[in-house]
Amino acid sequence: PTQLFFLFQRAQQIQSLMQDDMFAPVRVADFLMDKDRLFAELTLDADELHLYEQVANKLSVEAPVPDLVIYLQAPATILRQRIMQRGINSEQIIEDDYLMRMVDIYSRFFYSYNDAPLLIVNASEIDPVNNDEDYQLLLKRILSMRNGRHYFNPLPMAI
8 PTQLFFLFQR AQQIQSLMQD DMFAPVRVAD FLMDKDRLFA ELTLDADELH
58 LYEQVANKLS VEAPVPDLVI YLQAPATILR QRIMQRGINS EQIIEDDYLM
108 RMVDIYSRFF YSYNDAPLLI VNASEIDPVN NDEDYQLLLK RILSMRNGRH
158 YFNPLPMAI
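Our numbering puts the first residue of the sequence shown at 8, with every later residue one more than the last.
Since the hints were derived computationally from the structure, they do not count as laboratory data. Treat the hints with caution; some may be incorrect.
[Claimed, not checked] Simulated restraints, written as ranges between beta carbons of each label pair: (1) Asp122 to Asn64: 16 to 22 Å; (2) Asn96 to Val72: 34 to 40 Å; (3) Leu162 to Val62: 26 to 32 Å; (4) Thr84 to Phe38: 22 to 28 Å; (5) Asp52 to Arg148: 37 to 43 Å; (6) Ser119 to Ile85: 20 to 26 Å.
Model, not experiment: these values are computed from the prediction. Glycine residues also receive a C-beta, built at the ideal position from the N, C-alpha and C atoms.
Throw the hints in and build the complete structure from the sequences for me.
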């Protein structure tokens, strides 16, 4: 299935990351190996998930612990709006039920995540991709992060 393709792709990315680690002190990635498992839970039936877990266990990928994990949290309605704005055809077919389940599984995962420093960002009211002020505000917060769990909940700008 598709999810096995992503598992192998992530494993290869991590392997490449580990080999190049001594040459690049700063790395930015848009995935956690744990995140792949979340998508497997969302998309696979019980038999497929069992096969996925067997393959994942055989791969035994040892991903480096990130210096910081950023979780951009937003409700499914906001995610739907942003998917529509991006206009990527393959994303347009994502169903609302899937988005709601994804929001739920991510929330549960990050509620108990303690493997690395974590910044949970309420991304409902900010748009760091299209708004430079939002980007600078978020960047300032990221650069001030050290350890533990932190929350970034910027208030919407008054008009």
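Quick rundown of the hints versus the structure:
1. Asp122 to Asn64: 16 to 22 Å: The hinted range 16 to 22 Å holds for Asp122 and Asn64, with Cβ atoms some 18 Å apart.
2. Asn96 to Val72: 34 to 40 Å: holds (36 Å)
3. Leu162 to Val62: 26 to 32 Å: violated (45 Å)
4. Thr84 to Phe38: 22 to 28 Å: Once the Cβ atoms are compared, 24 Å apart, the range 22 to 28 Å for Phe38 and Thr84 holds.
5. Asp52 to Arg148: 37 to 43 Å: With Cβ atoms ~40 Å apart, the hint holds.
6. Ser119 to Ile85: 20 to 26 Å: holds (23 Å)
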